[in-house]
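Got two chains here, each in a separate frame; can you build the complex from them with the hints?
Residue strings, one per chain:
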Amino acid sequence: AQSVTQLGSHVSVSEGALVLLRCNYSSSVPPYLFWYVQYPNQGLQLLLKYTTGATLVKGINGFEAEFKKSETSFHLTKPSAHMSDAAEYFCAVSDGRLQGAQKLVFGQGTRLTINP
Amino acid sequence: DAGVTQSPTHLIKTRGQQVTLRCSPKSGHDTVSWYQQALGQGPQFIFQYYEEEERQRGNFPDRFSGHQFPNYSSELNVNALLLGDSALYLCASSLVSPGAYEQYFGPGTRLTVT
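Line by line, the protein sequences are chains F and H. Every letter in the first sequence is one number past the one before it in the working numbering, and letter 116, counting from 1, is 116. Every letter in the second sequence is one number past the one before it in the working numbering, and letter 51, counting from 1, is 167.
Read the hints as simulated data drawn from the structure, not as lab findings. All figures in this text were calculated on a predicted structure; none of them were measured in a lab. Just so it is clear, CB atoms sit at the ideal spot from N, CA and C, and this is done for glycine as well. Treat the hints with caution; some may be incorrect.
No farther apart than 25 Å at their CA atoms in a straight line, the calculated lysine-lysine pairs in the DSS-like style are these [claimed, not checked]:
id	chain 1	residue 1	chain 2	residue 2
1	F	LYS49	H	LYS142
2	F	LYS68	F	LYS49
3	F	LYS58	F	LYS69
4	H	LYS142	F	LYS58
5	F	LYS68	F	LYS58
6	F	LYS69	F	LYS49
Beyond 10 Å from chain F on every Cβ pair, some chain H residues (computed) [claimed, not checked]:
id	residue
7	LYS129
8	THR130
9	GLN133
10	PRO177
11	ARG179
12	LEU197
13	LEU199
14	TYR217
The calculated label-pair distances, taken between Cβ atoms and stated as ranges, are [said to hold, decoys possible]:
id	chain 1	residue 1	chain 2	residue 2	range
15	H	ARG131	F	THR55	47 to 57 Å
16	F	ALA1	H	ASP146	20 to 30 Å
17	F	LEU18	H	ARG131	22 to 32 Å
18	H	GLU167	F	SER14	43 to 53 Å
Looking at chain H on its own, in the form it has when it is part of the complex (with noise of 0.2 Å):
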């Protein structure tokens, strides 16, 4: 039973540029979340997408979006890169389910912007 998968695995953009990260969820889950991890920080929640909508948004500017897939996979875009934005992207997947509240995460994408 595989795992959340990520790709790739690290990239380097130069600022301006665009990226765009893939995720596939663990086998059976339906709901993806992610999260941006800065050097020495905790992980921080961008969005999430469940049905193919965003359900719930953390403190991200618009420059972040994202995608869901019919076969639950997700994309994260990010536009008009950063200094900043250089980090671990991880994602996350989890069932709607009750009783359900884990998520699990995948190796993550390492951004490098220059």
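Only chain F is shown next, with the shape it has when bound in the complex (with noise of 0.2 Å):
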């Protein structure tokens, strides 16, 4: 079974200070880990995707993400926040061994707030 852990349910920063999401995973299979934004009423965005290779991604928006395998971790960071980044993010697990989209699992969500 692969679960998610965000650690913090809210996240609030300074405009133009470091963004920092906290996730864990657990899985025992090689995953594929994702992260996804959600603006209030809106569904899901992609923000950007590990499955193989680099491990350090780079997604939309500035955002990136380092998939660390001894830590279990897949955080992402942003050096400046700015006010638009004011949202919901999900962390999310999937199967690596299958073709194609699998089921996601996902986090509980991290509510980001940015201060002026």
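Written as structure tokens, this is what we have:
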């Protein structure tokens, strides 16, 4: 079975400050890892994904994440927060052995607030 | 290029009733997955359809059923609605192809059961 734990249900940073959202996963098989963002009353938008290869992955809107197998982590960072980054962020894991898109197991989410 | 579309946007039902939600996948996609997102929670996988068959299923009762049509669109049916079924229902589409692991989500249908 796979699971995801997002540390901190609510993170608040100042505009221009570093954003760090934490995600730890549990998986008995090679994981594929994803970060999604959800704006109010909207669906989920893919920020970035890790499948194989380079462990530091870059996504949209200046976000990046690093896959650390030894720590079972996939933390999301952005060097400088912008007001438009305020949203709910979800980390998700799927089975990396299977072809095509497999079921996603999501964390509980982290609400990011940006202070002016 | 239209993304994933869902209908209706919102609906209100009474306990015990039945509901059907609809999803049209992104152009070129052949697989549809459904997720339930309760308020303040992460989405939970309900099931996935490919080639008009249910391929994977999450931990949801048989009251939740689905269908995929030849044009790849899909329906989610929920029978005997419970108050706990109130949630945002998300549809995601994808493509069965080597290296294609992304799922693209629609805006969701907000279901309220009273």
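Status of the hints after comparison with the structure:
For a cut-off of 25 Å, the pair hint linking LYS49 of chain F to LYS142 of chain H stands: about 19 Å separates their Cα positions. The straight-line distance between the Cα atoms of LYS68 of chain F and LYS49 of chain F is roughly 14 Å, inside the 25 Å bound, and the hint therefore holds. For the given pair, LYS58 of chain F sits about 17 Å from LYS69 of chain F by alpha-carbon distance, which is consistent with the 25 Å threshold. Using a Cα cut-off of 25 Å, the hinted pair LYS142 of chain H and LYS58 of chain F holds, with the two alpha carbons roughly 24 Å apart.
A threshold of 25 Å between alpha carbons decides the hint, and for LYS68 of chain F with LYS58 of chain F the separation of about 15 Å falls inside it, so the pair holds. Our distance criterion of 25 Å between C-alpha atoms is met by LYS69 of chain F and LYS49 of chain F, whose separation comes to about 15 Å. With a least beta-carbon separation of about 20 Å from chain F, LYS129 of chain H lies farther than 10 Å from that chain, consistent with its non-interface assignment. With a closest Cβ-Cβ approach of about 24 Å to chain F, THR130 of chain H is found to remain outside the 10 Å limit, as its non-interface label requires.
No Cβ of chain F comes within 10 Å of the Cβ of GLN133 of chain H; the nearest lies about 24 Å off, and the non-interface call holds. Listed as outside the interface, PRO177 of chain H is consistent with that label: its C-beta sits roughly 17 Å from the nearest C-beta of chain F, beyond the 10 Å cut-off. The Cβ of ARG179 of chain H lies farther than 10 Å from every Cβ of chain F, with a closest approach of about 19 Å, so its non-interface assignment holds. Look at LEU197 of chain H: its CB is around 22 Å from the nearest CB on chain F, clear of 10 Å, so calling it non-interface holds up.
Distance check on LEU199 of chain H: its Cβ is at least 21 Å (rounded) from any Cβ of chain F, clearing the 10 Å threshold; non-interface status holds. At the 10 Å boundary, the C-beta of TYR217 of chain H falls inside the reach of chain F, the nearest C-beta of that chain being 5 Å off. With their beta carbons about 49 Å apart, ARG131 of chain H and THR55 of chain F fall inside the hinted range of 47 to 57 Å. In this structure the hint that ALA1 of chain F and ASP146 of chain H lie 20 to 30 Å apart at CB holds, the actual value being about 27 Å.
For the hinted restraint 22 to 32 Å between LEU18 of chain F and ARG131 of chain H, the CB-CB distance of approximately 47 Å leaves it violated. Checked against the hint of 43 to 53 Å, the C-beta distance between GLU167 of chain H and SER14 of chain F comes to roughly 50 Å, which is consistent with it.
Hint compliance for this structure: hints 14, 17 are not met, and every other hint is.
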